[in-house]
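Novice: So the chains spell out like this:
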Amino acid sequence: MNGVHIQNISKKYGSVTALQTISLNIGDGELFGLIGPDGAGKTTLFRILTTLLLPDSGSASVCGLDIIKDLKEIRMRVGYMPGRFSLYQDLTVEENLSFFASVFNTTIADNYELVRDIYVQIEPFKHRRAGKLSGGMKQKLALCCALIHRPDVLFLDEPTTGVDPVSRVEFWDMLDKLKRQGITILVSTPYMDEASRCDRIALLMRSGVCLSVDTPEGIRRSFNKPLYAVRAKNMYPLLEELRNYEGTLSCYAFGDSHHLTLKSYKKDIIHLQSYLKEKGFTNVTIESIEAGIEDCFINEM
Amino acid sequence: MRQFGSFIRKEFYHILRDKRTMTILLLMPIILIILFGYAITTEIKQSPFVVLDNSFDTRTNQLIEQLQASEYFTLYSKVSNVEEIENLFRQGKIRMALVVSPTNDLQILADATDPNEAAALIQYAQAILSSQLSTFNFQLSTHLLYNPQMKSAYNFVPGVMGLILILICAMMTSVGIVKEKEMGTMEVLLVSPMKPVYIVLAKATPYLLISLINIITILLLSRFLLEVPIVGSIWLVLGLSVLYALVALSLGLLISTITDTQQAAMLISWVVLMLPVMLLSGMIFPIENMPWILQIISDIVPAKWYIIAVKDVMIKGLGAETILKEIGILALMFVTLTALSVKRFKIRL
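Those sequence lines, one after another, are chains A and B.
If you count the first sequence from 1, position 18 lands on 18 in this note's numbering, and the numbers rise without skipping.
If you count the second sequence from 1, position 120 lands on 120 in this note's numbering, and the numbers rise without skipping.
Because the hints were derived from the structure by calculation, they are not lab data.
Where is the CB? At the ideal position from N, CA and C, for every residue including glycine.
Incorrect hints may have been included.
Said to hold, decoys possible - Quick list of simulated restraints, FRET-style, between CB atoms:
| hint | chain 1 | residue 1 | chain 2 | residue 2 | range |
| --- | --- | --- | --- | --- | --- |
| 1 | A | V166 | B | L238 | 52 to 62 Å |
| 2 | B | V342 | A | G64 | 26 to 36 Å |
| 3 | A | T21 | B | V342 | 31 to 41 Å |
| 4 | A | H5 | B | P193 | 14 to 24 Å |
| 5 | B | G5 | A | N25 | 36 to 46 Å |
Turn these sequences into a full structure, and let the hints steer you where they fit.
Specialist: See below:
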């Protein structure tokens, strides 16, 4: 009932394609993630679903309401947190929250228990102007404001961008709690590591192509080749050399190691080891690892 | 209604917390009145003049005394021949000369390099000397209506009111609405049950209030500082001002629907609103002297009609029935502009 159904939505800005025939079905009470780099059309999709933009073609419904015809009803029932901090910087934390509560014809007191867990963290600063809050605090306040009218569906556009790692983890903990209250949540993020906290995710590519939709686990399992993490003393020359290696299918730098897939494995691993030794690399380790979301993403591209 | 009330409260927070803008908004009318009243004046004060007296009559001295007694003229010297007058004019030492012939003919000479000033000087002198002139062979035929001392304040007080109201209502409202777009808060407001018309009304209300405060400030200053009497009904003046402010608000709203940045809104407000008010409303330059094309353009400047109506009421003391045309035009402008901007107001991004 409180699901979101998207059918063949396309959107262009002039000659730039933002979304290409996207179709998604998000179930009631699901925590659904849109994962993709900047320019993948995540914000455009959110704006279409929140009735702020009209799609060029295709149709969509939120809570069973049509995004074009039932504009007013949808606006009563969704909560939206834009990617950019969109609260009043010259109003205090408390004033912002009570303003947005009254815009939705409710009060802080009415829905306090819904936002309590989040609000207690910013309450010590309730008399501070919103513009003077730190990044993480701002996002928590914005989430409170988007939640204060107890929406059925919550749209969060890159809520953790520009937020420190600790606050990011806290933020996702809050989303878990909200999900347990039965709120359908659509969240977008460019961070692949956050994808595993969603029930299901859609991988979006630049210019709005949807690569795959599955549970994070399912997406990881769909990675059907053995994956190796390779380390050595000189990491940068190692990347060059691995890419030059004849048996290499793909190789990318991933933090402290290089993730490598091979054309044909088993025998190649031993061959690769001697190849690298020959090239003068020391402390070479090659270990077999599980693919992460990011590996899948790069692989699908 | 509670929705609307808290929106207005929010607007007041914005305005009151922006101390600099607030100060400018409240001080601007005072500064403008003082500037126009004392610095930028088209009045002539302490103009030096000379007298060439060929009649050797005591009445000439009475003339000089009367001119001297006014604040507009000071005697530069007495001269004995016409060449001296010419020299003094050329050197720019004097602005006017009185020549009394042996047969008691009175001639007033003025330096017409600035024709407006010359005309004004002669009119001033005639007005001042009117009681004396009958004894000379000189018949005074000019009679100045309503502004016998030709006080420019009579002209610019309604002008400043027209200017301030446009500035605050149109510019501040358009900038205020566009700011919401620029800051991204409009995005959140649109995805809410708040009706767009409430958003706009709530934006406009505080500025309407501030502009009323400004009108009262201007009226007080002009009454007690510049001594411009308010002859007609003060309520009619205030009512007219509210109507004009509504026109200005709807103009600001229209501007906000066609711009996306505060800078653009500000620029358009200046070019489309401020300049026409200053140049085409009759506040500074008389409309009658403009080429016909500018006269036609001046008809669509709301300030023109407001200034005409306020002058009629405030200075001539006329009643509402005489300014029905102006009221009608302003009301029509308000309805048209509001309809246009409501139609243009985007309910989406």
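Novice: State for each hint whether it applies.
Specialist: The hints, checked one at a time:
1. A/V166 x B/L238: 52 to 62 Å: 59 Å, holds
2. B/V342 x A/G64: 26 to 36 Å: 30 Å, holds
3. A/T21 x B/V342: 31 to 41 Å: At 36 Å between Cβs, range holds.
4. A/H5 x B/P193: 14 to 24 Å: 23 Å, holds
5. B/G5 x A/N25: 36 to 46 Å: 41 Å, holds
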